[in-house]
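Required output: the full structure, derived from the provided sequences and hints.
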Amino acid sequence: MTAPMSFADSHHRPTRRRLLSGLVAGMLALPLALGACGGDDEPAADGKVELSFFWWGGEARAELTEKALDLYTAKHPNVTFKKTWQANQGYFDKLATLTAGDDAPDIFQIDDNYLAEYATRNVTLDLASYQQSGKLDTTKFPKGLIEYGTVDGKLAGLSFGENTQGLVYNKTKLEAAKVPLPTTGQSWEEHIAWAKDAAVKTKVAGTQDPSADYKAFWVWLRQQGKELYNGNQLGFTKEDVQKWFELWKGARDGKATPTADVIHEGNQTDVTKQLVVTGKALTSWVWANQMPELQKNTKDQLGVIAYPGDATKQWPRSSMYFSVYRGTEHKDTAVDVLNFLANDPEVGKILGTDRGLPSNLDIRSQVAASTENPSMKQTIEVVGELAKNFGPAPTVPPKGHSTVRSELIKAAEEAQYGRATPAAAAEQFFAASQAAISR
Amino acid sequence: MSPVATTTARQTPARPPAGPAAHQRRGRPARPKTDGIAGYVFLSPWLLGLLAITAVPMLMSLYLSFTNYDVLSDWESTEWVGLDNYRTMFTEDPSFWHAVRVTVTFALVATPLKLAAALGVALLLNRSFRGAGIFRGLFYLPSLLGGSVALAIVWVNMFNRDGAFNSFLAWFGIEGKAWVNDPDFALGTLILLAVWQFGAPMVIFLAGLKQVPNELYEAASVDGAGAVRKFFAVTLPILSPVIFFNLVLETINGFQGFTSAFVLSNGTGGPVDSTLMYTLHLYIKGWNEYQMGYASAMAWVFLLSIGLVTAVIFRTGKFWVHYSDGED
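Going down the list, the protein sequences come from chains A and B.
For the first sequence, my numbering assigns the number 116 to the initial residue and increments by one for each residue that follows.
For the second sequence, my numbering assigns the number 1045 to the initial residue and increments by one for each residue that follows.
If you're looking for bench data, these hints aren't it; they were derived computationally from the structure.
Since we're looking at a predicted model, the values are computed, not measured.
One or more hints might be untrue.
Using 20 Å as the maximum straight-line C-alpha spacing, the simulated PhoX-like pairs for lysine-lysine come out as follows [said to hold, decoys possible]: (1) K198/A with K446/A; (2) K1221/B with K370/A; (3) K288/A with K395/A; (4) K446/A with K250/A; (5) K341/A with K330/A; (6) K370/A with K311/A; (7) K197/A with K209/A; (8) K311/A with K364/A; (9) K1221/B with K318/A; (10) K1221/B with K395/A; (11) K1221/B with K388/A; (12) K316/A with K288/A.
Taking beta-carbon pairs under 10 Å as the criterion, some of the chain B residues facing chain A (in silico) [claimed, not checked]: (13) D1114; (14) R1205; (15) G1207; (16) F1209; (17) E1219; (18) D1226; (19) T1279; (20) V1316; (21) Q1335; (22) M1336.
Partial list, computed: chain B residues near chain A (C-beta under 8 Å) [what the hints assert, rightly or not]: (23) V1115; (24) S1117; (25) L1152; (26) G1217; (27) K1221; (28) N1225; (29) E1259; (30) Y1261; (31) E1262; (32) N1310; (33) T1312; (34) G1314; (35) P1315; (36) N1332; (37) Y1334.
Backbone N, C-alpha and C fix where the C-beta goes; we use that ideal spot for every residue, glycine too.
Now the structure itself:
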């Protein structure tokens, strides 16, 4: 070989690359070869199939999921499951590692942060053909939920819970101070004015500052006729971001929101850190289906409404999906399992609303009728009411979305701590997200 | 002249006479050549581990650093990109230089403070008094917990707005803030955590202090030296090899800080990137953004930089480290 730079030369590249990637692939294949000793690669002669099934969540979810899968095994004794679950922290590291080793689980849980990352890299099986042939029945699903699982025309994941933005407020504190409760349909300015007034009367910050929150920013953008993304492009301008940051700078200056360090605490996604639960603000910007979980963490009575502005611009967001690994040996069985989990009334009873409001509307009303949990009832009611008027759903966030999210937090916090003007923070965020999306 | 003479004199008899005669004198049969192989067989568990777990993955990461490997795609779509990752790092990634600044600040502040704390406490504990052993154990305790996640969580809660530290300040009428949530102080709390874990270098200092010959202190006393003079003229020079050892180790540790920053910021490096350590930035690039090729390149730049810093420390050692078996 000649100079090192000739590595990039197309004449030399193939051999050199093949050699090296062979070595690399060999290393990656090592655990695979070991794993293959388990013998689940080929369907056995007696038709026995074992599917690996991977999800994140807590103990309660694990119990429900295992029960549901056992029910499938009871009905199809030849199919068993290798169930693996863990906490959300580290889940995607592990999923990525398994995928890198060509050893991804046959069925895995995923969310809209990562769906496009996996789908555009061809890790997920396109479920559209199964949907057309009726093997995967989605006729009872709201249309938006299917759209929000489609990446580049392929159905990359089957939604397992509907969800939409929800503004959760502390009813107890507001009523005690005789402040009128917030209502769906207030404009953003009205909401901020309400929060100022509530802060004075209750001595608690009126509302968490959501300027770092992509889902609030997104709804606000849609109400301005913009989008967070148009395909693989940003759907907004620098000026939009600046306006958004300025809106909340005004709210902070007017003492409608807490101080920057408290806002930062509330910017974490952890349910127990939400300010409406920790008592540091009267409202938190969350997903509506988190409401029952929030209620568990506080003695105060909570309520939930839509985000301010035109609520029809909200959309049915899928709280999470199940995807089938494209490299699985048992595609048909895996899809059948998804079909069963999504549409079987008995399973619906077992899973309840643990992953969000059931996607199948029949099952959802069945669950709503049988639940005893008042905050669950309220959530289903509110989301159901909003869902009637939803416009078209946006597409699933593209590759780079998780970077855009963290860049928004960074830029918004720069503005909140007063280290940057809204204009400078907007400029920074816009440049960083453009880089992240076009990668 | 004389030191040289003594050294040679000391060494000559110690050197084993060469040739087969030596074996005969020890009364053992001459060993067959296969001894070497047996040695490697005994080494093999370690050697295999080194190859499989360290050497090969390292070489792989070197290779990956010249590609656009993204973890999820299959190998066919992974391309050789030459030095692109390295170029991006130095010219297009503002967070890279930010992370370098944060890390250097952390290492430059935390390491000397930690060593000073370790030496100070070691000096106090070097005296013999009742319960000295218990105190040594207590001071070492925080280090046993090491880079543990639990400890970092405790730290975050201690320095939060309603944490123990602010309750302490409240006794003096000072109203504290949420230190861990403030971009001006978050890194400071991490430095404090690192300094607090001074147990490991302290134990090494203690061992070093025990080696200082008492005669030297007595001689110094006879010459009229006070405690301070004794410290600078006797303790420090004799201890300098130990200080050197601790300095190298703790500097490397400082640069590699990860766990506490990860826990404090929930893996983001926040607030406002104030705790974005180099290793954390690398982790985010690799595992959140799936730019594993880039992350690999960062890892290699990191390795070379730490190597360079260590080499510089070694170079300066010539000027301030005194080995007592040397010529003076």
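Quick rundown of the hints versus the structure:
1. K198/A with K446/A: 17 Å, holds
2. K1221/B with K370/A: 18 Å, holds
3. K288/A with K395/A: 11 Å, holds
4. K446/A with K250/A: 11 Å, holds
5. K341/A with K330/A: The given pair, whose Cα atoms are some 13 Å apart, holds under the 20 Å limit.
6. K370/A with K311/A: 6 Å, holds
7. K197/A with K209/A: Roughly 16 Å separates the two Cα atoms, so the pair holds.
8. K311/A with K364/A: Answer holds: K311/A to K364/A is near 13 Å, not above 20 Å.
9. K1221/B with K318/A: Distance ~19 Å between K1221/B and K318/A Cα, so the pair holds.
10. K1221/B with K395/A: It holds: about 14 Å lies between the C-alpha atoms, which stays within 20 Å.
11. K1221/B with K388/A: 17 Å, holds
12. K316/A with K288/A: 10 Å, holds
13. D1114: 7 Å, holds
14. R1205: 7 Å, holds
15. G1207: 12 Å, violated
16. F1209: Constraint on F1209/B not satisfied, violated at 14 Å.
17. E1219: 12 Å, violated
18. D1226: For D1226/B, the interface hint holds, since the closest Cβ of chain A sits about 6 Å away, which is under 10 Å.
19. T1279: 44 Å, violated
20. V1316: 5 Å, holds
21. Q1335: 8 Å, holds
22. M1336: Nearest chain A Cβ about 8 Å off; hint holds.
23. V1115: Status holds, d = 5 Å.
24. S1117: Cβ of S1117/B sits 5 Å from chain A, so the hint holds.
25. L1152: Since chain A brings no Cβ nearer than about 23 Å to L1152/B, farther than 8 Å, the hint is violated.
26. G1217: The hint is violated - G1217/B has no Cβ within 8 Å of chain A, the shortest such distance being about 20 Å.
27. K1221: 6 Å, holds
28. N1225: N1225/B check passes; min Cβ-Cβ to chain A is 4 Å, inside 8 Å.
29. E1259: Check failed: Cβ of E1259/B comes no nearer than 57 Å to chain A, outside 8 Å.
30. Y1261: 51 Å, violated
31. E1262: 57 Å, violated
32. N1310: 6 Å, holds
33. T1312: Since the shortest Cβ distance to chain A is 6 Å, the answer is holds.
34. G1314: Hint holds; G1314/B Cβ to chain A Cβ min 7 Å, cut 8 Å.
35. P1315: 5 Å, holds
36. N1332: 6 Å, holds
37. Y1334: Holds - the Cβ of Y1334/B comes within 8 Å of chain A, reaching about 6 Å at its closest.
Hint compliance for this structure: hints 15, 16, 17, 19, 25, 26, 29, 30 and 31 are not met, and every other hint is.
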